[in-house]
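Chains as they are written, first to last, in the working numbering: chain A, 1 to 592; chain B, 1 to 264; chain C, 1 to 237.
Hints were generated in silico from the structure; no laboratory data involved. Hints are supplied without guarantee of correctness; some may be wrong.
To be verified - Between beta-carbon pairs, the in silico distance windows are:
#1 W529/A / L94/B: 31 to 37 Å
#2 V150/A / Y54/C: 34 to 40 Å
#3 L97/B / T549/A: 52 to 58 Å
#4 K211/A / G72/B: 34 to 40 Å
#5 F149/A / R98/C: 38 to 44 Å
Everything numeric in this text was worked out from a predicted model, so none of it was measured. From the three backbone atoms N, C-alpha and C, an ideal C-beta is built for every residue, glycine too.
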Amino acid sequence: MHDMSAEPVVHHLSPPQGFIRKHVFSLDHKVIGLQYYGLALAAVFIGMVLSWLMRLHLGWASLAIPGLQHLSPNGAPGGVITPEYYLSLMTMHGTIMVFFVLTNAPFAGFGNYFLPIQVGAEDMAFPRFNMMSFWVTFVAFLVLIAAFFVHDGPPISGWTSYATLSSVGGISGPGEAMGQNLWAVSIALFCVGQLLGSLNFIATTLDLRTKGMTLGRMPLSTWAWFITACIGLLAFADLLPATILLILDRTAGTSFFNPTGMVVSDTLLPHSGGSPLLWQHLFWFFGHPEVYIAIIPGFGIVSHILPAFTRKPLLGGMRVMIGCLIAAGFLSYMVWGHHMFVSGMNPFSAILFSVPTLIITIPFTVATLMFLGSIYGANLRFTSASLFCLGFVSVFISGGISGFFLAQPSIDTYLHATYFVVAHFHFVMAVAAIFGIFAATYFWMPKMIGRMMNETLGKLHFWLTFIGVYCIFMPMHYLGIAGNVRRYASFTDDYLVPLIPVHKFITIAALLTGAAQFIFLYNLIHTRWWGPLAPENPWEATSLEWSTTSPPPFDNFGGRHLVVHQGPYEYNAEGAAQDYVMQTDPNFVAHS
Amino acid sequence: MGKFFAILLIIITLVSVYPIVTHMWWMPEVVSAHGPAVDHQLDETMIGSGVLFITSQFVLAGFIWAFGNHKGKIKNWPGGHKPVVAFGIILVGLEILSLSFVGSKVWASMYITKPDPNALHVDVQAEQFAFFFRYAGPDGVFGSIHPDKINDGSGNYFGLDPENDVAARDDIVVGTLTIPVDTPILLTLHSKDMIHNFYVPELRIQQDIVPGIEIPLHFTATKTGKWEIVCTQLCGLGHYSMKAYLQVMSKPEYDDWLKQQSGD
Amino acid sequence: MRTKFFILLAVFGLASSAMLVTAARPAGGTITGKVTFTGTPPKMKPIDMSKEPYCQKLHNPPIKTQDVEAGPGDTLEDSVVFISAGDQGSSSASTPVRYDQKGCQYIPHIAVMMVDQPLQIYNNDPNAHNIHPLPKVNAEWNKSQPPGAPPIDTKWDKPEFISVKCNIHPWMHGYFVVLKTSHYGLTGADGTFTIKDVPPGKYTLTAWQEHMGTQTQEVTVSGGAATANFTFKAMPY
Numbered sequence: 001m002h003d004m005s006a007e008p009v010v011h012h013l014s015p016p017q018g019f020i021r022k023h024v025f026s027l028d029h030k031v032i033g034l035q036y037y038g039l040a041l042a043a044v045f046i047g048m049v050l051s052w053l054m055r056l057h058l059g060w061a062s063l064a065i066p067g068l069q070h071l072s073p074n075g076a077p078g079g080v081i082t083p084e085y086y087l088s089l090m091t092m093h094g095t096i097m098v099f100f101v102l103t104n105a106p107f108a109g110f111g112n113y114f115l116p117i118q119v120g121a122e123d124m125a126f127p128r129f130n131m132m133s134f135w136v137t138f139v140a141f142l143v144l145i146a147a148f149f150v151h152d153g154p155p156i157s158g159w160t161s162y163a164t165l166s167s168v169g170g171i172s173g174p175g176e177a178m179g180q181n182l183w184a185v186s187i188a189l190f191c192v193g194q195l196l197g198s199l200n201f202i203a204t205t206l207d208l209r210t211k212g213m214t215l216g217r218m219p220l221s222t223w224a225w226f227i228t229a230c231i232g233l234l235a236f237a238d239l240l241p242a243t244i245l246l247i248l249d250r251t252a253g254t255s256f257f258n259p260t261g262m263v264v265s266d267t268l269l270p271h272s273g274g275s276p277l278l279w280q281h282l283f284w285f286f287g288h289p290e291v292y293i294a295i296i297p298g299f300g301i302v303s304h305i306l307p308a309f310t311r312k313p314l315l316g317g318m319r320v321m322i323g324c325l326i327a328a329g330f331l332s333y334m335v336w337g338h339h340m341f342v343s344g345m346n347p348f349s350a351i352l353f354s355v356p357t358l359i360i361t362i363p364f365t366v367a368t369l370m371f372l373g374s375i376y377g378a379n380l381r382f383t384s385a386s387l388f389c390l391g392f393v394s395v396f397i398s399g400g401i402s403g404f405f406l407a408q409p410s411i412d413t414y415l416h417a418t419y420f421v422v423a424h425f426h427f428v429m430a431v432a433a434i435f436g437i438f439a440a441t442y443f444w445m446p447k448m449i450g451r452m453m454n455e456t457l458g459k460l461h462f463w464l465t466f467i468g469v470y471c472i473f474m475p476m477h478y479l480g481i482a483g484n485v486r487r488y489a490s491f492t493d494d495y496l497v498p499l500i501p502v503h504k505f506i507t508i509a510a511l512l513t514g515a516a517q518f519i520f521l522y523n524l525i526h527t528r529w530w531g532p533l534a535p536e537n538p539w540e541a542t543s544l545e546w547s548t549t550s551p552p553p554f555d556n557f558g559g560r561h562l563v564v565h566q567g568p569y570e571y572n573a574e575g576a577a578q579d580y581v582m583q584t585d586p587n588f589v590a591h592s
Numbered sequence: 001m002g003k004f005f006a007i008l009l010i011i012i013t014l015v016s017v018y019p020i021v022t023h024m025w026w027m028p029e030v031v032s033a034h035g036p037a038v039d040h041q042l043d044e045t046m047i048g049s050g051v052l053f054i055t056s057q058f059v060l061a062g063f064i065w066a067f068g069n070h071k072g073k074i075k076n077w078p079g080g081h082k083p084v085v086a087f088g089i090i091l092v093g094l095e096i097l098s099l100s101f102v103g104s105k106v107w108a109s110m111y112i113t114k115p116d117p118n119a120l121h122v123d124v125q126a127e128q129f130a131f132f133f134r135y136a137g138p139d140g141v142f143g144s145i146h147p148d149k150i151n152d153g154s155g156n157y158f159g160l161d162p163e164n165d166v167a168a169r170d171d172i173v174v175g176t177l178t179i180p181v182d183t184p185i186l187l188t189l190h191s192k193d194m195i196h197n198f199y200v201p202e203l204r205i206q207q208d209i210v211p212g213i214e215i216p217l218h219f220t221a222t223k224t225g226k227w228e229i230v231c232t233q234l235c236g237l238g239h240y241s242m243k244a245y246l247q248v249m250s251k252p253e254y255d256d257w258l259k260q261q262s263g264d
Numbered sequence: 001m002r003t004k005f006f007i008l009l010a011v012f013g014l015a016s017s018a019m020l021v022t023a024a025r026p027a028g029g030t031i032t033g034k035v036t037f038t039g040t041p042p043k044m045k046p047i048d049m050s051k052e053p054y055c056q057k058l059h060n061p062p063i064k065t066q067d068v069e070a071g072p073g074d075t076l077e078d079s080v081v082f083i084s085a086g087d088q089g090s091s092s093a094s095t096p097v098r099y100d101q102k103g104c105q106y107i108p109h110i111a112v113m114m115v116d117q118p119l120q121i122y123n124n125d126p127n128a129h130n131i132h133p134l135p136k137v138n139a140e141w142n143k144s145q146p147p148g149a150p151p152i153d154t155k156w157d158k159p160e161f162i163s164v165k166c167n168i169h170p171w172m173h174g175y176f177v178v179l180k181t182s183h184y185g186l187t188g189a190d191g192t193f194t195i196k197d198v199p200p201g202k203y204t205l206t207a208w209q210e211h212m213g214t215q216t217q218e219v220t221v222s223g224g225a226a227t228a229n230f231t232f233k234a235m236p237y
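Please take these sequences and the hints and turn them into a complete structure.
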């Protein structure tokens, strides 16, 4: 750690010249952040369209979707989605959303843009690593999308890609030859990108804070990004070798995951001695922290944005929220087995994994209570950003509560692999984490592109989305309780046929909610070119990003070396002239 | 806007809870001996969660109503954060402890306690995309499994070697799991290819079937009838269609059925 | 002058037609024979289709596995007999071979076709099937066919005996026998086969039965007909 009294090291970056250096291969963390955001935006729309195709098929299994046969003559002859194509769509939907949206946008996107600014630095610690991390991620995305265009299509094994379906090659099913190879290579590249990114976040947070920016004065969003980066370093370091082992089993005849004596379609395979459970351990040891990587930035973002619109610091201040996030991050490494209660692991382990899983409820409950308590007595301002923060609290409660059921093995024996699980993870990830991204967009877009987004459209987007997501995902709980198994391409079992009307309702809700997202897209595009210019501090907020122009200059602060005197959330501070005090304010003395 | 948001939250909460309270789409009838304990655990959790869900969404709604667009003096939560944090820890802690304690007993009764030594043993083979069930036959001994002998087209789903393995000659292989009621059953689950899963919602039990491992699963059916066994672990293109029927018969009917099978 | 021209034209036309007609019909003989077995063949097992109630209801009593279809007189049905060496005068085939999935069964059990001959696979059942051929030389594929889906149009470009199965109904099993020659026959329920249009000459004939393997025989066709019988040794397992 470095001496806080000395001037921090600056990189003396010179302004970038030329279109390529400015906008393509940029070393500027702000450009890289926007590139990640742009990639996530493209990815989320692709992922959403995939979910529409899935949902249409689930509601109406013999529906011919005009034109689909041209994208995939094998997958959708006559436009009707085959079972294998449904699974391909599902695999790509999950992979694109979890990796390229939920890990990219809240962490790599906003984190890259704002972490250096929020700590008062000129740029990330390693700008070249940073640029490399984006372009590696971009190539990973292209490799993944290529799977749509190979002969047999994308893999069918889900984003979780369990062995042995994924580890023996094409004989286990369509898409399991080249498609699965592309998936594994894509994910391996993605891991490399994330590792480079995490290194940057950690080094920048620890070493590049400006004078006066103690760890305790960093905004909660920066704390969340820092904790997420620490989690990510371990998690992606586990997934990368796992994907390599998978590629070896598939192509080099190794048997990490393939046991002896497998007979697939009457064909005896030569593998010997491997364990399919090993893949699950390796995957979920990454996978559970990964979902926390998806949500913790959201908690940080809401913690950061909410005070600006309640005009007071969070209940519990910095310490409680940071404590909750660190506890959640730490515990996230102890619970991976709760994805494996019925996997064939020793049943005693279920109890061992269940206890920390239930304990993780505690930091998230406390964090949620802090949010709730912060609204009490507040001067609550309704903007698109604050609405999505409030919505985040509601949907996280809904999603978290279903986790309570699944954390208990005795209940999971019934609910495992049903739509109850699908409801749970969509609420906490597809809804809550996305709400965090929306809140961040509405809050920070004025700073990033220098123009204000349209508030009317933003609010309309919120109401339609908020109602829509409840219509989509709440009924999935009922389906799960009725025993509706997940990852089914269609419902032909006797006990499932009566549930199809519920699926039709969900499909219609999904299509309408999806349509509402075009309001957001339109708003973004319209703002970019025709939005009213944004002032330096439109929200009357306190942290360092609001102490510079909108958008900031290339070195973030125009050559100034900011000195920090205040904590990040001095709203409604006793004795202050206004209801907020900037972090750079040298005069105000806080009464703690 | 605050009032609209609050009312919306309340409506969403009530509409969400209604199908649960009225059991609009609910678990099917329970037909296993351990099943009621699972249902009880789920009901207890549902009540606790329901109270938490309704309370927290209503509190959120209430605060949004009261403080939305509020201007003027800002108040902080009376007593500060410490009682709230303590409340959160204690409330959740107590729920966790009680649910864990009872729940682990339920889990143990299904997965940790040993099966009844007199249980009827049925061997299960899972493959893309069907289940097959094997009974030991009159000699009471299961033939051994030889993966290299598996040949679906000739009906040798288990890879038996009746030529050299006498015990295999009278093994009965069928496509419907047929068992007597009120009798402890022990299944030994095998998969020849992918990870599959044996799930009967009415039995309230589920178990992944993993190639390379033999996994025991035991239960007692308490009602006669016919239900579906479905695969819940993604196993390929036909995953959605992978099923078999579970037929629970009275003991005399089962004995007749078994005699018929042996005669074939 | 004009009349002479037309007479010449008519003669020319007749002569050409006669040549064409005679060219289209080779001086071909027929090879016939019977495929039988000695010993005890394995017992065929009744197929339990209970996972697919529609198909189960169609077959009462259940149909049996088909790897050895023995008939009265110890005959073998569904044995492919074909010219494996010395073949001449084979014609190409453009008529599609039809493969039906009906009642969770492949009909025919063994489909014989030539290299590049169109193969059309139909699903006549109200439930989905997947067709999973398992070639070693040709390219493997695996496609599902939901009910009401259009037929799958395909062909094979190398000769091979290709095992085909449905994974959704694992008992469904058959063969695509892809041959270079058009001189083949498939034994019927009485164990007999007929190979037509074989030019005179010496040939190697191969009989293939999916469980019993192959046998070869030399056969000479001269002036009309030739006979070749095959006898396989059957074992109970």
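Inset, instruction - List in ascending order the numbers of the hints, as given earlier, that are violated by the structure. - result: Hint check: 1 and 5 fail, others pass.
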